[in-house]
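Okay, here's what each chain looks like letter by letter:
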Amino acid sequence: MNGLRSWIARRLLLGAVQTAAVVLLVFALTEALPGDAAVAFAGDQPDPERIAAVREAMGLDRPAHERLADWVTGLLHGDFGTSLTSGRPVSGFLADGFGPTLLLATLTVLLLVPVGVGLGVLAARHEGRFTDRLISSATLGVYAVPEFALGVLLVSVFALRLGWLPPTAVGYGTGLLEHPSVLVLPVLVLLARPVCSLARLVRAGMIEALAAPYTAHAERYGISGARIRYTHALPNALAPATQQLARTIDWLLCGVIVVEALYVIPGLGTVLMNAVADRDIPVVQGLAVVFGLATVVLNLGADLVTHRLAPRSAVAA
Amino acid sequence: MKRLRRYGPGVAVAAIPLGLALVGPFLVGEPPARAASFTLGGGHRLGTDFVGRDVVHQVLLGGRPVVLVALAATALAYLVALPIGLISALTHRRWLEEVLMRPPDVLLAVPSLLMILLVAAAFPPGAAGLALLVAFVSIPDAARIVRAAAAEAASRPAVEALRMQGESWWRLAVGYVGRSILRTLAADAGIRLTGVLYLVATAAFLGIGVAPDAADWAVMVDRNRTGLLIQPWAVVVPALLIVALTMGANLLVDAAMESRGPSRKGRRP
Amino acid sequence: MIVTVTGLTVEVEGRTLVDRVSLRIRPGTVTALVGASGSGKTTTGLALLGEYPPGARVTGDVAVHGTRIGYVPQHPAAVLNPARRTGALLLDLARQQVRDLPRSQRRTAARLRVTAALADAQLDDAEEVLSRYPHQLSGGQQQRVVLAQALLLGARVVIADEPTTGQDALTKRRIVDQLAQVAGRGIAVLLLSHDLDVVRELADEVVVLRGGRVVEQGPGHRILDAPAHPWTKELLAEPRALPYADPEHAGAEILTVSGLTARHRTGGARVPVLSVDRLTLRSGECLAVVGRSGSGKTTLARCLAGLHRDHTGQILLDGEPLPRSLRDRSREQLAAVQYVFQDARAAFDEHRPVLDQVARTAVRLHGAGSQEATAEARRVLTDLGLDDSLVRRLPGRLSGGELQRAALARALLARPRVLVCDEITSGLDPVTRRSLLDLLATLVRRKDGPGVVLITHDLDTAAPATRVAVLDGGEVVEEGPAEQILTAPRHPFTVSLLGASDRWGAAVRP
Amino acid sequence: MTASADRQTRFPGLRRRGFLAAAGGAAGLGALTLAGCSGTADTGAATGKGDGTPRRGGRVRAAFAGGGASETLDPHLGNLFADAARSKAIFDKLADYGADLSAVPRLAAKWEPNAGLDRWTVTLRQAEFHDGKPVTATDVLYSYRRIADPDKAYRARASLEPIDLKASRATGERSIEFVLKRPTAEFPNVMAAFGTYIVQDGAAEFDRAPIGSGPFRFVSFTPGRSTVLRRNDTHWDGAPHLDELEFLVANEESARINALLGGQVEYAHELNPATGRAHEKAGGIEIVRLRNSAMQAFAMKTDRPPFDDPRVRQAFFLIADREELVNGALSGAGETGNDLFGKGYEYYADELPQREQDIDRARHLLKQAGAEGLKVTLDTSAVAAGFTEAAGIFRDQAARAGVTVDVRMGSKDSYWKDILDSGTLCCYRSGAMPIESHISQRLLTDSTTNATKWQDKNFDALYQQAQSTRDRTARAALYGRMQRQLHSEGGFLVWGFGDWILGTARSLRGVAREAPANTLDWARFDKVWLA
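Protein chains in written order, with the numbering used here: chain A, 1 to 317; chain B, 318 to 586; chain C, 587 to 1096; chain D, 1097 to 1627.
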């Protein structure tokens, strides 16, 4: 397993490089945005004198590389810096936004795997028959609907017309868990697309695995159908799905921005949108670090799982 | 007959939006006079949109940009991903492989929407710019898929046999490897097209890239949704067309995948 | 009688794969189905398991009397689940058998049964094997695990499909012993094989198939020693005895390998796998390189062809060093050293007609125009017995033997000085193999014919060579004239290799 | 570009960029003495009628678009509607704007200028902070000095510019003498200006336990999420009817309306016109339209070609089909404009004839000016509702007069700065503020945000004259002259005034229906009750 350890070490190194690159890229892009925090702050009162004063107060009159260097130095000491706009520590922003987003993401992933896999296996089991056609077309259809459209639709039907669920999470703050009903719609919206893609991948993988000689062999030797499906075929079908799952961090982020806006959940997506609008670079940077790290860790995890599920495939470090 | 059964549904579903997108702009005449926004009747068969324009007129015009941006972005992504993937799969120089595949790996860690948000804000793009941008964020993933598929094909003895014959790189890369991974690419392209459409639509939701009053189905869905309760057609029609486009594309991909028959994974020993 | 097949006919889309086959299998005996590729052996074997190709029309009757049937396919890896540890299916099988026990005892009981079955299949380090993934096992271990599955199942009949194809003499020996032992336990073995040495050694009953029909059937020695049917005779014909090359013909040294050390990358490290002090090839001669799998013979061949770059030392062509990678070799150098692959099907582009692919050699290496090249290719192909209508097809429509000839033609079009043939006959049935080797001999014997490096695990194939080099563990342990090596080996490894095949008396017939 | 962009596109005035502020650099000559300076007066007019008798008790939740995690309760830092509404609940100003944007006294019981209009004596009413301490002249001076601190960039600093704070002093516990740098007849507008809240002497930190004198006391605050307040029983203007008030942040308009429909909030600020129309008749909720809240215009730079020629400006005035713009860009939720700011406000010149589209005359004028086949670039951005829509519509209208308008989209986060000095034609809007403030901020040679580059010595002189004129009628006449000039050749093509649309639960009563956004009765929760 020494090979595995050195592989992980190399992956972590790559992860660090990736995160650094993300931060640099984000910094460069944020710098390239028209206007800075001072201009954004001045808004419809772009009195030049006032902008200059704000700029000085925020330290924006210093060269970009100096500000970046300061920020990086701080980061190495575990300090994310302070928000330009509010003067509060960035770590506070991240900590506040992290809870709701993590809750949404965790719930989504927890539901995503069983539902996606279940649908995929069900469809594969009835390949070509009605159930399969139904699941396949439904997943295709839902997959094509962007989150915002689905969100509007679900609210209209389940919250406003039928009144079954609260339409937004307004006013629940961080106590989302105590009000599980407000989470139903957001999680449904977040789930929709990943479930579809996962189900489709699992279906394809299952069909292939069910047609493989080793499945035929187990069948030939009288192993029960359910056991073959879940313990013999499924692990093979999951390898490609796992990789896809890691990519859902990207999706979840897209989805989370939309869902947080639609359902008023004050998570990282909201923090990001506000910070970009405010040109609050330290906050955007802090978020880039968080997202970069999350992506790196998830991809590493996915590769490890793939390694376990498809041991033959050499995973490139 | 078999072909019809296989491709029929996909073609049928995709034909309406594609047809509208391609022919629509030639069918429209002068824009009808503006009316109040979100009204029904008054000679507007599908009512008016959020700035009082005729929805039918907008629908006819709005397909082309969506389809063009989506197709162009997908094509562009492959235009870059293909050489990267092919070269890195075929080269024996590890450094070259590193140089080609590491940057996409790094980009993979950047959430695509964050990327689009920032770039679009920094350099406000037009439709072409949006296509470029969406293509850009799709490159890493596409390059990885091309590379994986190409590496498999490149490791076959056929490639070594071609090398023994002194064949040129082009012939190897395009004539053999490219040809062998065509189906994988077609399947991936279908999925990517859906992803691109989704990104374009979501970008419109977030106000990126396209003029906010552009005749564009994705923009229409977003901008007209405020009037959903008083004038649903302005949202429902373009939304259904987008869904039909993605569904059709995926049905076609599925059909192509089915015709591929049993997987090629199990290679002859 | 444990299995009775009567008048079995299997048709797919109008083609008859198996035609009115009848056979009976008795417990504790080995029944061999013998025939060339495509003779219907596997279809018949699978029919016993109740499995048929998709869309098959089946008539006749297969009666299995009160037992499950075990199956050991040609490539055991295919039936081992790559995503599960080796023990997964074994434990599942055992668990079914211990259902009656109290829940607390089931696990231990199942475990015991699995270990016992592995022991029966001669796998000693059971725990170790069970916790590994299939790809971490050697081919032999994989085969034994699959056999253990059949034994654990309690199968009274085991079908072994081409168990020895592509195996070296020592491995073959082990497999034969194992099958004999299985039969010794009272289990009926249905052996599907074209390896007549194995059949001779094992079979109590032989059924000769051709084109899906039984041409001859009877007790093993009767069929093998006194075949009645001409096809059986052809199948049984002696392997080639005449030397490939004309001994008079051997000329100057064309290829010299000196101080070669080749490495493979495993994990992060580069491990040396081959080290050759000195090896030469003269024009007009045939050098056979023999060894077990993993001995480094293919690596040697690939170094010569420039397909394996990671090596030190020199390969001289006419005294001039050859660049390590074929990417750096000039056209002349490329043309001078050509390579024929083991798997001919994989070595052709499935999307282009064979003729076009063959002709490209002339275009690329000799600058011929495309018409000219096609004409030349057609001539060479016809020479090798492939007619025009055949070579205009896509590779998928040609048989393995035909494709191997086309591959030879592709190499010959380069007019090579050195032709490296890597296991080109493994996997071919005796008839096809013999004709291919005869063809090779004609080439070598031509006036400006190439020197041939023949990589093989099969001593019969190596025997007619001019010289033989024996590789073991990446080193040339012995080298010399074929006759000397194969009759009076000096190195213990060569002795053991020869000894293994000696037992069935078919080994050395120089 | 961002979700905030999104909300801004839809509704004017969200966040910093869209604030309908009335911050003015200069002062005006106001009503010299205020009639009806009594504390509780004048709110009734604006209050919803027929709502029955107020009932005490209950909790109201109000949804606003907010500023995210960087929000603050510092009343001087506030920039957003949400900030303004919260500040209004916790703090008081000396004065505030009535429905016609004239100053209404609040903490100031009365104000009195000297003869030269450059010294004003303000007497405070008896009021106390939430901690029981009285509001004194010291607190007022501390607050104003804090705002005017040159090291800080408080938004209201420009508004307080006319005051010489060094010379101003407390003349008693509840009386202050403000010394001004020049005669300022409209000084009460300064005291009513946005963000000029009175805090306690020495207060610097507001996010943990802000103390004001306003109708509600602080309970809790989570930036970007919620602010909970409760009734201040001792408020000088009478205790609020509500027990509790919670401000909630919901940036998406659809989220606010959904929350309202789902009963999660009782008040949703900033709805869009289509939403308004959809629910106006449906009856589930009440839709409140605050008229004349947002001026919508195109700003022409009068100092550079082609708009340095008044004939071209006039031609553009005539190109606009205002009805179509209001129907299209504002979805009908608004009124047409007459190229003047402040419809319905004090001093508005409503005697001027409404300008109508006249393409032929426009063509004629352009031809005279030698500007046939004119091509101009129209800057717009998703910074405010209706901007891009208006740009598109105007492009089509201009085409009929042979003018090619090229619409250019800019970044919304830096839009206001970008259009201030560059470009020639841009979309423009403004929230409610007194006409005087509009002039002083935007139309004088030395105005800091003069987006039309309207620099006219004569006009400047008229303004100075007005500021030194005590008599209200005489002053009105001067404003009339200025407006006539602007109407005939100014740089603002004011095509409409957008409604400000609110949604309220049917149980919420007493919501003012006449107060434009930014005035006293807008977003005022001390006079509402739950039926």
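Don't take every hint at face value.
Said to hold, decoys possible - Computed footprint of chain B on chain A, listed as stretches where at least three residues anywhere in the stretch have a Cβ under 8 Å from a Cβ of chain B:
| # | region |
| --- | --- |
| 1 | 15-25 |
| 2 | 48-60 |
| 3 | 149-156 |
| 4 | 234-241 |
| 5 | 288-301 |
Said to hold, decoys possible - One-sided excerpt, in silico: chain C residues whose CB lies under 10 Å from chain A:
| # | residue |
| --- | --- |
| 6 | Val648 |
| 7 | Val650 |
| 8 | Gly652 |
| 9 | Thr653 |
| 10 | Ile655 |
| 11 | His661 |
| 12 | Asn667 |
| 13 | Leu679 |
Hints were generated in silico from the structure; no laboratory data involved. Given the structure is predicted, the values throughout are model-derived calculations rather than measurements. Don't be surprised by glycine CBs; every beta carbon is placed ideally from N, CA and C.
For each hint, the structure was consulted:
no. : hint    : result
1   : 15-25   : holds (count 7)
2   : 48-60   : violated (count 0)
3   : 149-156 : holds (count 3)
4   : 234-241 : violated (count 0)
5   : 288-301 : holds (count 6)
6   : Val648  : 14 Å, violated
7   : Val650  : 13 Å, violated
8   : Gly652  : 14 Å, violated
9   : Thr653  : 12 Å, violated
10  : Ile655  : 8 Å, holds
11  : His661  : 9 Å, holds
12  : Asn667  : 4 Å, holds
13  : Leu679  : 6 Å, holds
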